[in-house]
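Colleague: Residue numbers (the working numbering), protein chains in the order written: chain A, 67 to 179; chain B, 508 to 620.
These are calculated hints, taken from the structure and not from any lab test. What you are looking at is a predicted structure, and each value in this text was computed from that prediction instead of being measured. Hints are not guaranteed to be accurate.
As the list claims (entries may be wrong) - Taking lysine-lysine pairs in the DSS-like style, the calculated list, with each CA pair at most 30 Å apart, reads: (1) K549/B - K564/B; (2) K564/B - K81/A; (3) K144/A - K549/B; (4) K83/A - K564/B; (5) K549/B - K77/A.
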Amino acid sequence: GAGVSQTPSNKVTEKGKYVELRCDPISGHTALYWYRQSLGQGPEFLIYFQGTGAADDSGLPNDRFFAVRPEGSVSTLKIQRTERGDSAVYLCASSRDRNTEAFFGQGTRLTVV
Amino acid sequence: GENVEQHPSTLSVQEGDSAVIKCTYSDSASNYFPWYKQELGKRPQLIIDIRSNVGEKKDQRIAVTLNKTAKHFSLHITETQPEDSAVYFCAASITHNNNDMRFGAGTRLTVKP
Numbered sequence: 067g068a069g070v071s072q073t074p075s076n077k078v079t080e081k082g083k084y085v086e087l088r089c090d091p092i093s094g095h096t097a098l099y100w101y102r103q104s105l106g107q108g109p110e111f112l113i114y115f116q117g118t119g120a121a122d123d124s125g126l127p128n129d130r131f132f133a134v135r136p137e138g139s140v141s142t143l144k145i146q147r148t149e150r151g152d153s154a155v156y157l158c159a160s161s162r163d164r165n166t167e168a169f170f171g172q173g174t175r176l177t178v179v
Numbered sequence: 508g509e510n511v512e513q514h515p516s517t518l519s520v521q522e523g524d525s526a527v528i529k530c531t532y533s534d535s536a537s538n539y540f541p542w543y544k545q546e547l548g549k550r551p552q553l554i555i556d557i558r559s560n561v562g563e564k565k566d567q568r569i570a571v572t573l574n575k576t577a578k579h580f581s582l583h584i585t586e587t588q589p590e591d592s593a594v595y596f597c598a599a600s601i602t603h604n605n606n607d608m609r610f611g612a613g614t615r616l617t618v619k620p
């Protein structure tokens, strides 16, 4: 596609529910990243995929957060038992490899009520 | 880990004036410093970057300077235009790898016509 696509653009969920956020990277980009951007803050790294494998998940805040990229293209960020503190914009980015320019999606705004 | 601080958090200038945004970092091993521009409701986009082997880099109206001794780097925008209005994020990375980037909290720049 023309750019990184994220769906949904907005998601409102109740505390305790499970949510999935989807990222469609630029075709041919082997590296994919998830970031979380809280209000008034810069993007905070969560996890990085090289191909199908999670090469660095050191940014995931706890075991309620999980991400997959089963075919090395589309990725899904999964959040279990959501909490109000999970409310943020979740950004996905992709790049040809991990030291070339990363292109961001427009993000999914998650609101936990 | 790396800690990046960014100042000011908001900046308002008159069209045609210059704008300067400053960042400091904590890890002396950091050697790659990108700047991102995020317009309201849009995705972050890389506008300029600098590596530690140079002290200054310029691209038309924007420039970035780096002082490795003091561990700070700055973004300079000259002849500002209303379309420069956005949130600007600095970042620092040790390995040049995107999963290694740590972002500042952002500066909201408003250019008044």
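Colleague: Check the structure against each numbered hint from earlier and tell me which ones fail, lowest number first.
Modeller: Hints 2 and 4 not satisfied by this model.
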